[in-house]
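Chain residues, written in single-letter form:
4 protein chains.
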Amino acid sequence: VEIVGLQGRDRDEPIEASHPHLGSTGLRIGDALPAGLDAVFLGLPHGAAAALVPDLLDQGVAVIDLGPDFRLRDPADYPRWYRFEHPRPDLLERAVYGLPELHGDDLVALRDSDVRIVASPGCYATASILSLAPLAHAGLLDDVVIDAKSGVSGAGRESKPDMHFAEVNESVKAYGVDGHRHVAEIEQELGLQAGARLAPVDFLPHLIPMTRGILAACHVRTTRPIDQEELDKLYHEAYDGEGFVDVVAAPPATKHVTGSNRFKVHAHVDARTGRVLVLGVLDNLVKGAAGQAIQAFNVVFGLPESSGLEQLPLAP
Amino acid sequence: VEIVGLQGRDRDEPIEASHPHLGSTGLRIGDALPAGLDAVFLGLPHGAAAALVPDLLDQGVAVIDLGPDFRLRDPADYPRWYRFEHPRPDLLERAVYGLPELHGDDLVALRDSDVRIVASPGCYATASILSLAPLAHAGLLDDVVIDAKSGVSGAGRESKPDMHFAEVNESVKAYGVDGHRHVAEIEQELGLQAGARLAPVDFLPHLIPMTRGILAACHVRTTRPIDQEELDKLYHEAYDGEGFVDVVAAPPATKHVTGSNRFKVHAHVDARTGRVLVLGVLDNLVKGAAGQAIQAFNVVFGLPESSGLEQLPLAP
Amino acid sequence: VEIVGLQGRDRDEPIEASHPHLGSTGLRIGDALPAGLDAVFLGLPHGAAAALVPDLLDQGVAVIDLGPDFRLRDPADYPRWYRFEHPRPDLLERAVYGLPELHGDDLVALRDSDVRIVASPGCYATASILSLAPLAHAGLLDDVVIDAKSGVSGAGRESKPDMHFAEVNESVKAYGVDGHRHVAEIEQELGLQAGARLAPVDFLPHLIPMTRGILAACHVRTTRPIDQEELDKLYHEAYDGEGFVDVVAAPPATKHVTGSNRFKVHAHVDARTGRVLVLGVLDNLVKGAAGQAIQAFNVVFGLPESSGLEQLPLAP
Amino acid sequence: VEIVGLQGRDRDEPIEASHPHLGSTGLRIGDALPAGLDAVFLGLPHGAAAALVPDLLDQGVAVIDLGPDFRLRDPADYPRWYRFEHPRPDLLERAVYGLPELHGDDLVALRDSDVRIVASPGCYATASILSLAPLAHAGLLDDVVIDAKSGVSGAGRESKPDMHFAEVNESVKAYGVDGHRHVAEIEQELGLQAGARLAPVDFLPHLIPMTRGILAACHVRTTRPIDQEELDKLYHEAYDGEGFVDVVAAPPATKHVTGSNRFKVHAHVDARTGRVLVLGVLDNLVKGAAGQAIQAFNVVFGLPESSGLEQLPLAP
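Protein chains in written order, with my numbering: chain C, 1160 to 1475; chain Z, 1160 to 1475; chain A, 1160 to 1475; chain X, 1160 to 1475.
Read the hints as simulated data drawn from the structure, not as lab findings.
Being a predicted model, the structure only gives us computed values, none of them experimental.
Cβ coordinates follow ideal geometry from the N, Cα and C atoms, glycine included.
Keep in mind that a hint or two might mislead.
Covered stretches of chain Z, as calculated for chain C (at least 3 residues, CB under 8 angstroms) [claimed, not checked]: (1) 1271-1278; (2) 1329-1341; (3) 1361-1369; (4) 1401-1412; (5) 1457-1470.
Please model the complete structure; the sequences and the hints are all you need to start from.
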């Protein structure tokens, strides 16, 4: 794999001008896309990829889109959650939701497709969906509360008063109480696993005073009682063959995955309340973003799934 | 009010030896309790206050206990949650749970009692109970998930590997998944407000990389549908007369109350899921500990409720 | 003392709109200055106060200016360090540099002056000058390196990429290597104490991943050898009568003064190198800003020096 | 290179028991050293390696020692700085100080030695020595103040009150004012570069509220005036061929190197004071510890210097 070009908005400068830590790579951010590409990775505001992708497909380029423009299957979800009409609803059902643990076969099938679009999921969705997929698949999800905590890098690099160090540090707050966009894809994917439309998921995100990491705490009322042994079996069967997922025996900390493409999950039956608690952690900038996109790319292009993703977590 | 003595375990030293920031007070930690006291504030491991308090009562001293030994009314809760048999179950029903917003009249009534015990609640309990009391009182609590986030000062000053800066910083994790002790008093007090035993509360605490502050996110399924207008009215009626409680129109951050005795609460109907979300924040070391104890002391001794507690929040 | 009005740029809104933690004060930010004032506190970009103050003086209002416009005595310093010509150089020698510990008599003398301007010093200058004034006054300063560390609140609330939580957190950097403006007043005030122009001071500021606090580490080569006993005597004689200064026996942490108007200083002879090390800490938003301005106001208006400033440090 | 065993004190457990983030490696901490080793990496309390190494040398094992037992050439420095008599002073002059940038040839020469000891330097020493070596080598160091700032991971994992999150967070302090041990090797190595004994270095370390990273701010008075052009030339000539060192044009932040084996340095002439300021940053756990030990091992064993060290910095 060779990086043949980087393109940014109105930029033509060495990468260290905006990303000093990458200075030793010698990369440069240009202002135009090179020709003869096999694949592009897109990270664009919503709506921008939808406009750009058809032309890329015409050129035979595979698209790994890190934005939301091809994640939702129902065109009606775009005006509802993103306030734009999707210009190419026909492509929505041909794009593959880029969670290799759930859609590995679909990603492999893209190799022979003339519409190669991977809709790479974001951080909250990945953490939530991977946490609950085994329960959904077994038809066990009844009532779901997802209380998620994220470091601030999930909000991007833009300077905003809310992101000022003095506001974030030594503080925690919830946001998005009127409904976070990512709940749409969480409900879509869990519904697909369950084979049925689920009741609306109660999803509440929080901003935590740290840079990287997401923890999804999923409080689940199951459709029937389940004991710890069955729960353990469910998660191990689902994930023991997955290279980037660890089913762990104690509540995981986000620090256990920082800088890596790993997802760690812990499922627990609370005998007192009868609820199941599932705790999932990932690094929102790796398994929740760029790392997962590379993982899906590897699958589509027939490379080892872990190519470029071998980095161990960086702790402390 | 005069501080006539401080007593610590095996200590006899100026306060700045262990608390450098208090050096200018000239206080000294002694190794014995002075005589002729009107009131003592206790902060002891569970079981220790239960052993000590009867003798203090005999001396006519009012006790403000910041530990759990007199918070629970049912003696059976002590072996269950704290693993000790309570030596004086007769005192449990005479102690007053020191939440002035809910038990103000009981605190006033202590003035004429020969058993003056204030069982001052801790941080998680205060945040949870004050967040949900108006809904409980109205008989609206059906199913309750409390997902709480706390700074590390809630765990005390003891050196433990889990509290090392390098472990806590840039990380978040849940703990106490097998049931946190404070859920006992949360269920007791919400049940008292409701006038009925409630279904078990799902309470999950998290450790957040910050020093002070608690946020309780309460996800509630109500016994009947309720709209935003009725919800607002419920909280304003409950708290508009309370000097330390603010019903706020947007999700509060813990930084909005740091260093003060204030509790801020925001209640929101989620039209999509039908749930009610209540977000409450406080400083775990003030309204969740020492400040609240002083507030209750003020009520018991007929002082203005805010004596010694006028400090505004310290932000940023 | 009564706060009769707050004025902000283009604002007319309750204070909680921009400062949610102050909501309980009921204050409002208006867009015009009320009439009939005794004193105003100004916090303005450099140059703005110089333009505004003459008119305030004509109205008989005392001015406590938290900006730099009246701190420097030499008019030539304004074009050099702040790139503007001072419009009223005649006022510079009549303004009083608002460090009550060094200029207490001058502040008292303002009571009878028709030009009542207090030029309140900022955080770096206060920490540096108070750390070194006793050595300067004794004629002992030869070569001075001040290596200062500041929390980010010193840079104000403006959103800038450098202040984004993700940039600041888990990182430290020096800045202002070409000369920080505050060195001008540091050299002025230490020179006044010494009664002679000193060699240029090497002042290097750092941005630390915390919100509040400044630590000035001053590495001094003295004009003659000095032992620890003499050094201790020098500092205790200078500061033992000062209500807000503590000479401490161990290196202080900034956390020991957070939220208070206190300055803590530790002076140490390094027998190996022959240098003297002085470590001074303060809260840049209190003793390094608003608190010190109130302290000087108290002195000018004949109030107890600690009025409104009794708050103990908030730790942890 | 194959890791054939890990040994810890009184342990026999999977690595994830103490280091959860490394669970996916499948490594196990044993309680005995395997046989047939080519090399061992030691991280031991001072004095312990000195006792252990002779036996390892007898077995033909190369030793990469991350502790101080073989860093100092003068046996008298051990009782002075570490309070023990060195049991094998004869080995001190045969060990190589493991800074590949300065002692690369000596490391290569170890291949043919029967005493293969690499004394791998620690974080403060590496940052200080690499920052100043070009000036020392050119005979330009006259008076040196090193004001260093470190994240807390430099102090190890042990639970101590000073390392509690609530003590470290939102605070900065200096420590070791009576002389930090690492100054001994800093003076030794800079003296070797200069070819002469230097005046004592004033070295002051600080604890910063972050986990990883060291910044050394070196304030230097030179033996003769030097301009920026000559200074730049000096640093580029010294380091442009080094794979892990970047001479940068602006003050570097520690975040620019986190998780990598890189050292970034910026040198600046302060025209006003005539001093030279050198700012060096590294990750204390990589280039300041394990990474550097691997780098030296690679050189000794004839592997590419960057084997196992290709990881880019992790920012934000």
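So, going through the hints one by one against the coordinates:
1. 1271-1278: With 0 residues closer than 8 angstroms to chain C, the segment 1271-1278 of chain Z misses the three-residue bar; violated.
2. 1329-1341: The restraint on the segment 1329-1341 of chain Z holds, since 9 of its residues have a Cβ under 8 angstroms from chain C and three suffice.
3. 1361-1369: Coverage by chain C holds for the segment 1361-1369 of chain Z (6 residues, Cβ < 8 angstroms).
4. 1401-1412: With 3 residues close enough to chain C, the hint holds.
5. 1457-1470: violated (count 0)
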